[in-house]
Structure formats: structure tokens, C-alpha cells
Amino acid sequence: MIFRTPKQTGEWVNRDKKINFTFEGEAFSAFEGDTISSALWAAGQKVLGRSFKYHRARGVLSFANHDVNVLVTDGVDTNMRGDVVTVKEGMALFAVNTKGGVKKDKNSYIDSISPLLPVGFYYKAFHTPRRLFPLWENVIRNAAGLGVVNFNYPRILKRKTHSHCDVLVVGAGPTGLTAALTAAEAGLEVTIVDENRQLGGSLGYNRAADSKSVTQLDGLLSKVASLPNIKVIASAYAAGYYPDHLIPIVGESGINKVRAKAVIVASGAFEQPPVFRYNDLPGVMLGSAAQRLIYRYAVKPFNNGVVVTANDYGYRVALDLLQAGTKIAALVDMRSAGNANSAAELVKRGIKVYAGHCVYEALASSDKLGVRGAVICAYDDKQNVALTDNKFTLECDGISMSAGWAPAGALLYQAGTGMQFDYGVEQFVPSRLPNGMFAAGKVNGIFELEQRVRDGVRAAHDAIRHLGLQAPQNQAEKHVGASPSHPYPMVPHPKGKNFVDFDEDIQIKDFVNAAKEGFDNIELMKRFTTVGMGPSQGKHSNMNAIRILAKIRGLPVEKIGTTTSRPFFHPTPIGHLGGRGFHSHRLTSLHDWHQANGAVFTDIGAWKRAAYYPAAGQSKEDAIQTEALAVRKTAGIIDGSSFGKIEIHGPDAALFLERFFTGEYTDQKVGSCRYVMLLDDSGVIADDGIASRLADDLFYLSIGTSNAAAVYREMQRSQQIWQLNLGLVNVTGAFGAINIAGPAAREILSTLTDFDLSFESFPMSSVRESQVAGVEARMIRVAFVADNGYELHAPMAQIPHIWNALMQAGKKHDLRPFGSDTQRLLRLEMGHPMPGIDTDGLTNPFEIGAEWAIKMNKPYFIGQRSLVILAKRPLRKQLVPFVLADNFKGEMPMDCNLVVDGRNILGRVTSISYSKYIDRCIGFAYVSPDKKEVGSVFQIRTDSGSLVAATVVKSPFIKTLKGA
Amino acid sequence: MQQFDVKKIIETSPVVHAQLKESAKWEVINGMNTAVEFAGVAIEGARKKVLGVADISCLQRYGVKGPNATQWLLERGIAIPTTPNSWTTCEQKTLVLRLGSSEFLIEDQLGGSACSRLESDKARAASVYKVPRADAAFIVSGSEALNLFSEICSLDLRDKSLAAKDLIMTQVAGISATVIRQTLNGEPVYRVWCDGTYGPYMWEVLIEIATELGGGAVGLTQYQNS
Amino acid sequence: MKLLTCPMNGTRPLSEFIFGGEYRQAPDQDTCSDAEWAAFVHNRSGAPGDKKEWWYHSPSGTWFIAERNTLTDVVSRTYLAGQNNTTQEEGK
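Chains as they are written, first to last, in the numbering used here: chain A, 1 to 964; chain B, 1001 to 1226; chain C, 2001 to 2092.
Think of the hints as simulated: they come from the structure by calculation, not from any bench.
Built from N, CA and C at the ideal position, the CB exists for glycine as well.
Be aware that a few hints might be false.
[Claimed, not checked] Beta-carbon label-pair distances, calculated as ranges:
| id | chain 1 | residue 1 | chain 2 | residue 2 | range |
| --- | --- | --- | --- | --- | --- |
| 1 | C | Gly2049 | A | Gly561 | 25 to 31 Å |
| 2 | B | Glu1091 | A | Ser765 | 43 to 49 Å |
| 3 | A | Pro859 | B | Ala1126 | 24 to 30 Å |
| 4 | B | Thr1089 | C | Thr2070 | 41 to 47 Å |
| 5 | A | Asp681 | C | Thr2070 | 20 to 26 Å |
| 6 | B | Gln1071 | A | Pro228 | 45 to 51 Å |
| 7 | C | Thr2070 | B | Thr1083 | 29 to 35 Å |
| 8 | B | Glu1091 | A | Pro651 | 28 to 34 Å |
Just chain A, same shape as in the assembly:
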């Protein structure tokens, strides 16, 4: 640990505990609390990664997760951020995206051919000859890119939780901490979040060799700790803004969605690099990175450095470097006037200060893995050109860069904040904040420490008043003094390699070329150059890109604007986003019976339904045909508990049904059942079902499974509009249903009830209430799957008892369960079209021949007026029952295959199946009206394109074809 300094006040490492790990196979030791980068840097290892495109050696740049120079893998995780991930005992780490190791990356030759690979090269090159494209694609994919995806990554569930607070403060620097304290002292419940594992932000490291700020920070932190109404979330980032102040906070253990009543964004600013040739060499780093290395991890950034600055910040960094024991070869200030007072202080300490100068280029050591010097020359601060006549070289092993800041304003942008460019600070600042959003500190263009603290108080007061409590209205302050950011800290160089975006190896000339190609709008330029599209998402590059484009186009910066900022602000693991995964589903009380009896389940809406019950080794098709045959020959039983079931109580119940459905219900006799069909306003079929009248003022409605919730919802809405004297009760979940059908159904059922089941006492389409197997049940005689069928409706908890009693009683009749797939075949044999299967979002009742179900001579029903219009128009299509040829052996047409006439499409198949009972292929299809007559023949085009002839027949199929 040759670069480790003596103990620094407030350092984040625990010197009592050593950690051993390896990097690229070499053994290293660290202190507990070190990040991967700080541990390696302390040991003198400066090449920590290779760049994405040119495979250039890279070291520490921001040391704050604003760049991805240091991406490592431990063999499990793919792209670990070395600058912020703490090193753990026994870690075996490797840099990603190298061929042969980070120091001797064989792909580094790409850097030397970089002139052949300008931005956008892959849009233009390699297109011809086309046959070679797969080769090039393979080469490029292998050379570029980051870590290798670990396909054995363990599936770790991360929790997604909710929490609530009055005020959420984003960022725990001096501004955020002050704001949080102010709000908490007013009695508000405050949550404060910071991405660092310790609070304090720049107060911890921006010291200018003065420990006063540490004392100030300690004071703030002890106050925060003393207030129980402040919740601190460290090591987690506020990842986005969603409406009404919902902020997902991403931490190691998962995502916490914080719902706040007000949000104070004190997220600070990202330091931006000045742009000069070889500003990416290991050893060239941002000033704040140098400070973080020194004060958080007690690591000396370099031995003998040059400080280049374009603001006053560099002078503070210089003092911190001196404090850490770094020699300073010179401070180079790109501003023509520099800062005379600060310069004098440095000169007093024997340091050369060059105002109006720039680093023209950093000089690489012979192995290209570090810095050996800096070329300094005069800089024209107005024209932004280097004046190289009197350039000279200073030997150094590192360069600290300070040029300015970009606001960490992602959340503000996402919340819809209006931003304007403030030339006093050369930065975008909020000009119009959404309701309940407040900004303070650097993100608000306030940089001086005491002003930031006051800005934190001001923002907190604004938030307190927003929440209806009393607080003073403080005047917002403006920055005074020199701008913290330089308007154009770029140094052109004929040989380039002056990097703007370190993620994507983008240089100044790439922007010039993009503009020449016509991509001179910021959004287009972003996509052509890919600036800001790497994992850093522009944190260290977007502001410079905007400045460069402004210069190219000769426009002021605010006319260029910024790119769109989308959540999430920082790459977030998919495991975090996925969370536990809640897959709600409904089960009937017979679920365990179905499972025990080998059912294959299918999802219908939220329900798990038994689809069929294959015997061992039996195919799905065989199982369905066997079950269907049982219903035709003896008896079958199905769990219909998922059917929608709704009670309509009250004197106006029949009137309600008449308005809601197409049929007539006021004259329906108690004890009888009628078909119901629901249309929408445009006359399209929405659903159908059966209404059973249990009393003058009570109807029991049963409808299909998948639409039940929506139909009930529409009934509630209609009732709210019509205000009839009735009550709607949804008993879908409270009642179960069993349908027993087939020639033996009545005999089986008769053993469980003393009710007279004779056809005279209990005719078709009627409902009776009686005990079945000792349980009060509603019995409905329906002919949905077979002429002889009984639906039994009873409380869900008692359904298994009835079912078991029926199965017992049905043994001698070989009663079999059948599933919902079999039910579809059975109803097809019966000739019943099903809404949603045999109809679609455009089908009106005339097209399925359902005129019989519509009573037009009522005052009103939903869809009636549209049917009046539709009735005047010629039919466009007609649903017909059809059969394929006897003994058809060709390619079986499928649902949705087209009905064609030459090149014309006449319609489509909606249902088709082989029926073993009828021994024919039967189905429904839409055809043109001229083909609707019985005996008409039409052609179905199969998936492979062959044509199959089908003949229109009369339905029900079992009557027509079987005479049943």
C-alpha cells in the first residue's frame, strides 16, 4: 500500500482489519472499507480497466460512479463498479473486456487503428459484401463490449417495498442534511437518501486542507442521529421520479418505493472533465476524485502532479494534494485571469501557477499505461484554442482536472422541471419546479458552502409551507463570484484523442464529424456518436457534448437543450426490477381433487381450470375425446366454479336485465331460465349467459369465466346511472358450480336429492332450489354441453362434498370428470357459438344468427340503437356451422385459418375439431353471406397453403349428423 497516506480525519477505512484479494491473478491487500479501486490505487496499480471501444488503459476518473473506467468481474457478477464496490476477503477479480489481461490487452492494437473506426463506422462499413457481414459482426462483438454475461447467475429475489414520508431529501451533502434537519425540526417525517455509504457529500472531502468542514459535518450528523423523525437510507440511489412523488430507491437489498408528500432534490453536481489529448491516461483524474481518494480512503492520487483547472475548485484540490503529500509540479489555470488570491497562496508555498494556460496534452509513459508528463501552453480563453508557440513539458505522474460541473438533475427533469441556462454559473438550473418539488444546493446553481446551507434551509421552508405548516419564506440566493464551471474547457489537438465520453471513447472530432453528416441536433448527435449512451448515461460527458455542439453550430448553449432524462437514473439489476414476482390466481375448492386425479390445468382469466384428465400415457386429443364420449354415452361432470355468478335482487331486477341484455325478462316465470346476451353501445356482442329467476325480485345470472369481472363491473356502472331499486351481489367466488351431463346424469343426480327430477316437474331451461347430498343447491337444467345436463350451484366450501357424492353415485354409470378443453368440444357438437371465441370485437348478433335472442320492441337496451342501424345494412359476414368431408384425412385446418375464394378472403375458421362421437371434423367459420345456405361449399386455406373444402350444415351437429 505504497500510496496510502497517514490517517486522515474521517477516513472510511478500518486500518485494524486487512483484506486479501486478487486482481488479474495478482495478490493485493486492502483495509476493510476500501473499494476495489482505492485498494488497487493504494497498491500502485493504476491500470484498472480497458476502454469499451479502443481498449485504452484506464484508471480512476471520477471515483464516484460517474464513469465506468473500472468495471470488474468476480466470476459471478458481470460489471461490478470498482470505484464504489467495497472489496471483500478472498475476492478474485478481473477487469472486463480484455484479451490477455488488463496490462497486456491484445485488443489494444485497436487504439492504433482508431482513425479507421470513426463514430458511426458500423453504420457504413461492412455492409458490402453482405456475405461477410456475419464475420465482421462476430469480430466487432468480440472486441467491443463489457463483461461476459454469466448465464449461471443465481436467481436472487430482491424485495420491492413501499414506504411513506412527508419529505424525501435526495442527497445527503451539506445542503441535503441541512434541509432534512430543518424539515424534521418542524415536526415532519423525513427520509434522506444518499448513494454513498456515509453521509456528508462534498463536506467530507472538499476541504482545501482545512478540517473545519469535518467538524461541521460531525455536527450535522449528530443532529440527524438525534432526531427520530429522520430516516436515513445510505448506499442507495433515488433512481427515478414517478408521478405524485413516487421515488424508487435502489439499494443492495432491493427497491424501496418511497411515496413522499414533498421532495427536496439536493443531489449536487457531477464534476466534468476538461477535454485535452490523452486526458484518459491512468493518473489523469478529476479533482474531486483526487479528494475522495485522499479523505475517504487515505490514498495519495500520485506523487508529483499537475493540477489543471478552469475554475476556483482546482486551487482547493491543490491544497488537498499537498496535504496528502503529493508534490505539485504546477497549477495550470485555463482562465486568462486565473484567481490571483488563491494563486498567491500557492506561490507562497513554492508552487508555479500558470494562468491563461492549458494542458495541451498528457504524455504517456513508454508502456502507455500511465502519465510521464504534461505539455503546457498558453490558452486563448475566448477562442478556445491552444497557443502552442511556447509550449513546454512538465514531468509528472498524474494530472488533477477541474473544469466545472453538471447538475445531477435527472429527477428534476423527470418530474417535469423547467430548466434554464444560468450564465452566472454556466449551468442549467431549475426555473419552474412542479408542485411539491424543491431543489437546493449545487443542482440549483448554488456552490459556495454557506450559501448551500442557507439554500437547504430555504428549500425546506418552502417544502414545509407546501405541506400546510408555517415557515418563513426565504429569498432564493444567487451565486456570487467566479463561475464554478468554465463555458468551454476544451483543448483542440490535431491528433485528437481528447476524450469527451470515456464510456464510448468519443473525441471532439467525432462530434464535428457527426455534425458534418447532418446529425447536429442534440438528440440525433447523441444517437450517432453514442455520447451519453454508455453505462454512465452521460454523467461525465453530456454537458461537454452540449457545449461542443453549441460551438459547432454557433448557438448559445440553452438553444441546444439537453437530452431526455429517463428513469432509471443509474443501471439497475434486473433482479431488483423483477422483485419477488406476484402471480395471483384463483382456485376452486375442487382444485386438489383435480390435481389428485391427474388434471392438466389451463389459465382462464385469473383461474386455474382443469382442461382435461389424461390417463397415463394418453394424449391430450385422446383424453378429450374419451371425456366427450362419456358425456354422450353415459355421463360426465365438470367443475364450473369459475363461471361468473351474479345475483340481482329487488323489485326492478327484471327491468334491469331488460335494459342490460337483449332479451325479455319481465314476463319470465319464477323457476325458469332465459338466455342473456350483452352488447356494447356499438351493437357488438360482449358476452352471454343464463338468467335464472329464483323469485319475482331475484335473478341468478351465470356467465362465462373470462369476462365475469368485466360484466359485473358494467352492471355496477349501469346501475349507478339508472338508479333502479335493486342490489347487485357478485357471488362468483362464494358459489361453486358443477355441471353433470349425459344420458345417465338424471339418474345419478336422483340418488342425491328427493326433488322430482322428471322432465315434467323439472323441464329444460328451468331452475329449482333443493337439497343435493344434504346441501342447499340451485339446480339449473341447461343444454350447453348435452341435452341432459344439470348445473348445481352451491356454496364453494360445500362443492367438494357434492362432487364426491356425485362421483360415488356415478360409479356404476362410469361417470367421468371432464375439463374445460373437453367442454369446448362438447358445446361445439351442440352447435353453441361462444362469445370471444366464435365472435370478435366487431361481431354483431346478426352475424351469428342470434336474432332470436333480441327483442327490439323494448324501450331500451344497451346496443339497441346501433342494431337499428345495423339491421338496415346488408350482412358482411355470417357464422356458419360446417363439416369437412367424411373420412377427411388431409391437413387439418386450424382456428383462424382463412376462408378463401381464390385471392379473396371471405372469412375465417373460429372453431374446428374432430368429434369422435360424430366421427367428423366440425366447426364454425365466418363466410360471405352468399355461402351461408346449408349445402354451400367453401374453401379453407390451411397453414401450409393447401385448400380444404368445407360444407355448411345445420346445427346442432349432433342432431344433424347423429340424429341425437
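Could you slot chains B and C onto chain A? The hints should help.
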């Protein structure tokens, strides 16, 4: 015709499917086969301190709605919560939940008799509509209860936001549910009701999270004694 | 996630609600022309501005009307249909 002894018909718990995997002790309570013990009294007692989840679906319930429901219940001696979406108790322990303004769910605790009394009143009254209930119902308690709810409910259920007599109809684990908090035998608990057909799903979710947080399934006798 | 205030159940996240379309008055079906009816059924105004909308609070089964500006997405008030004299600010 086969004869059935109505008293011996055992009802199927809505939650049973999710509980079959656990080696629970089963008992018939209120005619419903119910998992009453999952891990012995001592372990369950310890679980409960951290995060206990009990299935109380077997409790007797009675539902009624309609413009005259309030009056109808008052006439039958049922105390009515004064405001919509609130709850109260009557006959010592029986819960009376007011769902919205004109719908009620009455839940007897073990040993209560209000529901069977109401059930026996078969006469239909104007603008009073019986609502058959088949709820899955749960009690959740322990030091980590709010931690559990923070993952499955987006609302703030802390005491400062959910008043003692508040009733909320919201989504829990993505499905519609009714939630109240209550002090039961001196212990703060949350109670959750959902449609019984979602019962196995809800139980699985609650138990999975509870187990992760150091708790788990407990028998209803941990909370109920007749 | 956006919050919406149900007049019966208070302020809840949008995931508890189902959108029910714009609240519109149907023309008198007995006197309107076919064209008027077709316009009511099929045409919607997409122009941004203040709209009355149907919303359904799913856990409680409550339909209500929300007045929302579709440009700013600000809900100015919500109320049960037929009770639009009771003003209610959207909770924040």
C-alpha cells in the same frame, strides 16, 4: 335416495390447497376442515412475536348490503360502525365491518353466535340483500408485520395513517382485500380478508415473506379462544 | 405511480383503478339520427383539455367521475355520478 347427515358435512377451507404441503394438524372448526397447528405451541409462539400468520377462514361470517341494511342489522341488535369504511365490535368479540356505506360483513369469533342468528332469519326484507361470504381470512401480527405489508401493500398501514377503527379496501399482493388493524388480547394485529378463491395464493405469499422475515404459519388458537 | 382519489375510499395508487372511458351524454336514441348515434358510438375527441372520465375503484367496486385535464394530467375533482355538487380536491 342416499341420506346425508347435514351436521356431518365437512366444508372445504378456501386455503386448504396451500396448506396441504405443510405438516399441519387438522381439526374441524365451525364445520370446516382447518389447519390448526403448524409447528407446536412453543415454536408458533416464538414465530408470532416476529411475524405470525394465521388462517381464520373458518370463522362464521354473514354479509348483507342494501339501502336498508343498516336498519335491518340494528333491529337485530348488531352495532353499526358510524362512518363508512370503519369497523366496530358487538356482543363482545363479533366484528362488524362496514364496507363502503351500505354493505356489512359480520364475523363471529370462535364461540360467537351473531352470524348463525342472522342466518336463521330467512325472511327477505325490502332493500336488504344477503351477500354470501366465502372469504379467506388471515391474522398477521408481530414486530415485522409492517415490514411484510410494505412489500405487498402500497398504502401506509402505520398507526399514524391507519386509524384504529379504519377499514380499508385496497390491493394486497395484487388482489382486492379488506384490511383493518385491531388490538386482540392486548396484542396489535392486522386482519386481512380476500375472496376465498384467492386464499391459497394469499397464504403462499404471506407465508413465503413471513418465513423470510423470521416468522411463519401459526394456528388460529394463538389468537382465538372460544 | 399516479394517485387518484376515490370519493368513497380516499387517495390510492392508480393500480387500484380501472379506466372506464370518457363520461359522455348519449343522444336521445329515439329522436337522434343514425349519423348522430354513430358519431356518439364511434367518435371521440382527442383534443387535450378538461375531460370527465369514468374510473372504477376495483377493491371496493366504486364507479365515480374524475375531472381531469388530459394535457397536464391534473385531476381537479372526483365525485360519484349524479353527485357532482360535492367538490373534492385531489389528495396529495
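Hint check results:
no.: 1; hint: Gly2049/C x Gly561/A: 25 to 31 Å; verdict: 27 Å, holds
no.: 2; hint: Glu1091/B x Ser765/A: 43 to 49 Å; verdict: 45 Å, holds
no.: 3; hint: Pro859/A x Ala1126/B: 24 to 30 Å; verdict: 25 Å, holds
no.: 4; hint: Thr1089/B x Thr2070/C: 41 to 47 Å; verdict: 46 Å, holds
no.: 5; hint: Asp681/A x Thr2070/C: 20 to 26 Å; verdict: 21 Å, holds
no.: 6; hint: Gln1071/B x Pro228/A: 45 to 51 Å; verdict: 47 Å, holds
no.: 7; hint: Thr2070/C x Thr1083/B: 29 to 35 Å; verdict: 34 Å, holds
no.: 8; hint: Glu1091/B x Pro651/A: 28 to 34 Å; verdict: 33 Å, holds
Consistency note: the structure conflicts with none of the earlier hints.
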